[in-house]
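If you're matching them up, the sequences are chains A, B and C in order.
First residue of the first sequence? That's 1 in this note's numbering, and the numbers climb one at a time after it.
First residue of the second sequence? That's 1 in this note's numbering, and the numbers climb one at a time after it.
First residue of the third sequence? That's 1 in this note's numbering, and the numbers climb one at a time after it.
If you're looking for bench data, these hints aren't it; they were derived computationally from the structure.
Hints are not guaranteed to be accurate.
[Stated by the list, open to error] Using 20 Å as the maximum straight-line C-alpha spacing, the simulated SDA-like pairs for lysine to any residue come out as follows:
hint: 1; chain 1: A; residue 1: Lys97; chain 2: A; residue 2: Ala113
hint: 2; chain 1: B; residue 1: Lys286; chain 2: A; residue 2: Gly40
hint: 3; chain 1: C; residue 1: Lys53; chain 2: B; residue 2: Ser285
hint: 4; chain 1: B; residue 1: Lys47; chain 2: A; residue 2: Glu130
hint: 5; chain 1: B; residue 1: Lys47; chain 2: A; residue 2: Lys102
hint: 6; chain 1: C; residue 1: Lys8; chain 2: B; residue 2: Glu182
hint: 7; chain 1: B; residue 1: Lys47; chain 2: C; residue 2: Ile50
hint: 8; chain 1: B; residue 1: Lys316; chain 2: A; residue 2: His23
hint: 9; chain 1: B; residue 1: Lys51; chain 2: A; residue 2: Ala116
hint: 10; chain 1: A; residue 1: Lys131; chain 2: C; residue 2: Lys64
hint: 11; chain 1: A; residue 1: Lys102; chain 2: A; residue 2: Glu130
hint: 12; chain 1: B; residue 1: Lys51; chain 2: C; residue 2: Thr61
hint: 13; chain 1: A; residue 1: Lys49; chain 2: B; residue 2: Asp190
hint: 14; chain 1: C; residue 1: Lys64; chain 2: C; residue 2: Met109
hint: 15; chain 1: C; residue 1: Lys8; chain 2: B; residue 2: Asp190
hint: 16; chain 1: A; residue 1: Lys49; chain 2: B; residue 2: Lys47
hint: 17; chain 1: C; residue 1: Lys8; chain 2: B; residue 2: Lys47
hint: 18; chain 1: A; residue 1: Lys97; chain 2: A; residue 2: Ile135
hint: 19; chain 1: B; residue 1: Lys336; chain 2: A; residue 2: Ile135
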Amino acid sequence: MAFQSTFTPIELGDLLNLTRAKHDAGYRFAQMLCAMADEGIDLVYSFIKQDDEGTWQLENYVIGGYDPATQTVPSVTGYFLSAFPFENEAHDLFGVKVEGNKIDFAGRFYQVAMDAPMAVISPEQKAAREKAARIAAAKAAKEAKAKAAAAGEAGADAPAQAAAEPKPAAQPAAAPIDPEAERAAFEAKIAGVDPEKADRMRAAFEVKLKKRIEAQKGGE
Amino acid sequence: MGKATVIPFGPQHPVLPEPLHLDLVVEDERVIEVIPQIGFIHRGLEKLVEKRDIHQFIYVAERICGICSFGHSLGYAETVEDLMGVEVPKRAQYLRVIWHELSRIHSHLLWMGLGADAFGFEALFMHCWRLRERILDIFEATTGGRVILSAVNIGGVNRDIEDSELYAIVDKLEGIRGEYHEICNAFVNDYSVASRLVGVGYLSQEEAEALCMVGPFARASNVAYDCRMLGRGGYGDLENFQPILSDEGDCYARVKVRAAEVEQSIDIIKELVSKIPHDGIGEKSKLTPADGAMASNVLEQPRGECYYFARGNGTKNLDRMRMRTPTSQNLAGMVKALEGCELADVPNIILTIDPCISCCER
Amino acid sequence: MGSFKLGKMTLRSLFGKPETVLYPVQTRPMPEGLKGHVSNNIEECILCGICQKRCPTEAITVDKKAGTWSVDGFRCIQCGACVRECPKHSLTMEPTYTAPAATKTAFTMNKPQPSEEELAAKAAEREARIAAAKAAKAAREAAKEQDA
Chain A
1 MAFQSTFTPI ELGDLLNLTR AKHDAGYRFA QMLCAMADEG IDLVYSFIKQ DDEGTWQLEN
61 YVIGGYDPAT QTVPSVTGYF LSAFPFENEA HDLFGVKVEG NKIDFAGRFY QVAMDAPMAV
121 ISPEQKAARE KAARIAAAKA AKEAKAKAAA AGEAGADAPA QAAAEPKPAA QPAAAPIDPE
181 AERAAFEAKI AGVDPEKADR MRAAFEVKLK KRIEAQKGGE
Chain B
1 MGKATVIPFG PQHPVLPEPL HLDLVVEDER VIEVIPQIGF IHRGLEKLVE KRDIHQFIYV
61 AERICGICSF GHSLGYAETV EDLMGVEVPK RAQYLRVIWH ELSRIHSHLL WMGLGADAFG
121 FEALFMHCWR LRERILDIFE ATTGGRVILS AVNIGGVNRD IEDSELYAIV DKLEGIRGEY
181 HEICNAFVND YSVASRLVGV GYLSQEEAEA LCMVGPFARA SNVAYDCRML GRGGYGDLEN
241 FQPILSDEGD CYARVKVRAA EVEQSIDIIK ELVSKIPHDG IGEKSKLTPA DGAMASNVLE
301 QPRGECYYFA RGNGTKNLDR MRMRTPTSQN LAGMVKALEG CELADVPNII LTIDPCISCC
361 ER
Chain C
1 MGSFKLGKMT LRSLFGKPET VLYPVQTRPM PEGLKGHVSN NIEECILCGI CQKRCPTEAI
61 TVDKKAGTWS VDGFRCIQCG ACVRECPKHS LTMEPTYTAP AATKTAFTMN KPQPSEEELA
121 AKAAEREARI AAAKAAKAAR EAAKEQDA
């Protein structure tokens with residue numbers, strides 16, 4: 001016997017239909033959980049059943065970016081009563097508004113000192129997330145740069161040859177500086193750097209760029 | 001028909017080892033409605049993933065529960081290994097299962113003691129716990145801890161058990177089996193136990209399935225679901241694993257299912273020891289979970305299926321770790337089983353669910 | 001007769017050896033691998049601070065400048081993470097528990113500072129090494145010039 005777990009994104013509006021379908025198909029309700037996302041809250045509903053081939057399917061359905069300020073979640077306790085602790089928990093710890101819970105404690109399920117304590121993003125987590133995002137951005141920028149460079153080389157060779165054919169005598173003039181391209185390359189370079197330091201570097205870069213452009217103009 | 005009265009029950013109650021509060025709506029001696037309440041000891045352990053990295057969180061996961069502590073560290077480690085795609089050597093998987101089954105024996109013995117205490121059989125309680133001490137001694141000798149073992153890491157286990165020691169453990173368990181039979185004899189054949197438990201807190205198979213119950217509680221109502229059947233980790237190599245079922249659905253059936261599961265665990269350990277491979281115990285993984293990667297996993301704890309969910313964010317900390325413990329799943333079933341029972345049977349019914357409220361509120 | 005199923009067991013416990021020990025007078029033997037408390041072989045320790053970083057309860061403090069290593073036995077959870085991570089294997093788990101105390105105190109160890117003679121010997125050794133390296137380099141260059 002095997003085991004497989006899957007994650008499928010769904011819309012909040014489809015939740016009740018899905019739960020009804022799972023209930024009628026004889027699935028067991030495994031759990032419901034909340035997780036803080038970049039925007040809003042992710043809700044994950046899980047169902048488990050053994051399929052015809054004997055594999056146990058743990059199916060997780062993810063509702064992404066639920067906004068507690070404007071939306072309410074319909075309760076699934078009508079189909080699966082065992083969901084009541086999780087829905088109360090979601091309300092007490094994350095501030096998720098659940099509508100129609102069969103056993104509703106109205107915020108008194110967990111005796112915690114504040115509303116939605118799990119929805120608070122601590123400074124440590126924020127710092128860790130920003131650092132991870134910076135590293136990821138730096139990596140992406142590096143890759144993009146490498147790709148652009150590869151494409152640029154391939155693309156630059158052909159026109160250069162074509163241009164060189166009719167005017168073999170012409171001096172290879174210095175390519176005009178494209179400030180936008182330079183800026184983009186610089187941003188990619190500093191993507192992984194501490195924000196304060198990045199600001200200083202950016203200012204220095206702007207001054208340098210201006211000087212170079214002026215120097216080139218003067219030369220012409 | 002008398003007037004309905006509300007009797008508060010718990011969180012401090014002689015029979016309850018756990019802070020569970022019930023509002024029992026009683027008509028004469030009969031309970032007609034039950035409103036459970038937990039939440040007195042919420043500790044915010046799931047929030048701690050932000051401060052403790054994936055390796056340190058094992059020690060937090062262990063502390064979710066004092067009885068199934070090994071199970072929680074195992075379930076957590078398996079989930080994070082799934083998340084990062086870490087391969088665990090077979091020997092480490094077998095050792096994990098051996099420890100996990102030992103902790104099931106110790107948990108069931110503890111529960112049987114508490115159950116005996118609940119219906120007032122002090123001597124049986126003492127004998128159960130005396131046997132449990134032997135299991136704890138095995139833990140102490142093999143991992144260095146009695147309850148909190150800290151034996152698992154992400155990618156393997158921390159300590160190996162020598163083959164000679166494994167055989168000694170099997171011998172010791174066979175010795176325990178003899179004494180255990182005498183205890184079981186009292187549980188299964190003594191008329192005082194039967195008179196307190198037979199027919200109490202009945203739940204039919206349909207009800208158990210509709211309420212999505214898990215663990216021995218469900219299996220006593222003939223629901224053939226045991227996560228060990230899923231063949232995760234070392235369980236996949238068992239010759240023939242069949243969940244222990246009973247179709248009686250009352251408190252007595254729950255005692256019998258657990259009593260049989262202890263012996264089943266001894267058999268599992270014996271089988272695994274006889275075919276344990278020698279391919280190392282694995283090393284602590286040096287990977288970090290990828291951003292947005294998700295993994296979910298189920299594991300059979302002594303009390304039933306436990307669900308784990310983990311999501312990475314590209315750092316050495318997890319973005320979210322979730323453990324859905326068996327008791328929170330069984331709360332609905334407990335409410336159902338309590339409806340219509342005698343007031344004097346309430347403690348027995350609650351105990352046969354084996355509630356672990358501290359697990360429920362991480 | 002369905003009663004007194006525990007008879008045999010009860011009689012055995014009546015005449016057998018007790019399962020318990022008289023605690024303060026007798027104590028249980030501690031198994032070898034028991035996780036009691038962390039101890040540090042300070043001679044081996046290089047005060048790298050990895051144990052401090054890995055400790056899940058922040059029980060270990062390492063001060064490289066002052067040359068001290070300290071563990072708070074009342075914070076320590078005996079998980080053994082530091083022992084496994086130590087690059088010099090100077091940390092060990094001893095099979096005795098931290099004794100109860102009226103106040104929580106940390107146990108601090110000082111890394112013995114090398115004496116002046118040792119320092120002088122070390123410095124002399126280093127200078128000798130540098131001189132030898134210089135001589136070897138000069139010899140190599142001379143050989144190269146000769147080849148040329």
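- Message: Does C:Met109 sit within 20 Å of C:Lys64, going by the straight-line distance between their CA atoms?
- Response: 12 Å, holds
- Query: Holds or violated: B:Lys51 with A:Ala116, Cα cutoff 20 Å?
  - Reply: With a Cα-Cα distance of about 19 Å, the restraint between B:Lys51 and A:Ala116 holds, given a limit of 20 Å.
- Given the proposed pairing of C:Lys53 with B:Ser285, does the C-alpha separation stay at or below 20 Å? 17 Å, holds
- Is C:Lys8 close enough to B:Glu182, meaning Cα to Cα at most 20 Å? 8 Å, holds
- Verify the proposed pairing of B:Lys47 with A:Lys102, using a straight-line Cα cut of 20 Å. 27 Å, violated
- Task: Quickly compare the C-alpha distance for A:Lys131 and C:Lys64 to 20 Å and report which way the hint goes.
- Result: 28 Å, violated
- Query: C:Lys8 and B:Asp190: Cα distance at most 20 Å?
  - Reply: Holds, at about 14 Å.
- Item | Restraint check for A:Lys97 with A:Ile135, where alpha carbons must lie at most 20 Å apart | Violated, at about 35 Å.
- Message: Against the 20 Å threshold, does the CA-CA distance of A:Lys49 and B:Lys47 hold or violate the hint?
- Response: 30 Å, violated
- Item | Pair hint B:Lys316 and A:His23, alpha-carbon separation not exceeding 20 Å | 38 Å, violated
- Query: Within 20 Å, alpha carbon to alpha carbon, are B:Lys47 and A:Glu130?
  - Reply: Cα-Cα ~18 Å, so holds.
- Measure nothing beyond the straight line between the CA atoms of B:Lys47 and C:Ile50; if it is 20 Å or shorter, mark the hint as holding. 25 Å, violated
Checked against the numbered hints given earlier, the structure breaks hints 2, 5, 7, 8, 10, 11, 13, 16, 17, 18, 19 and satisfies all the rest.
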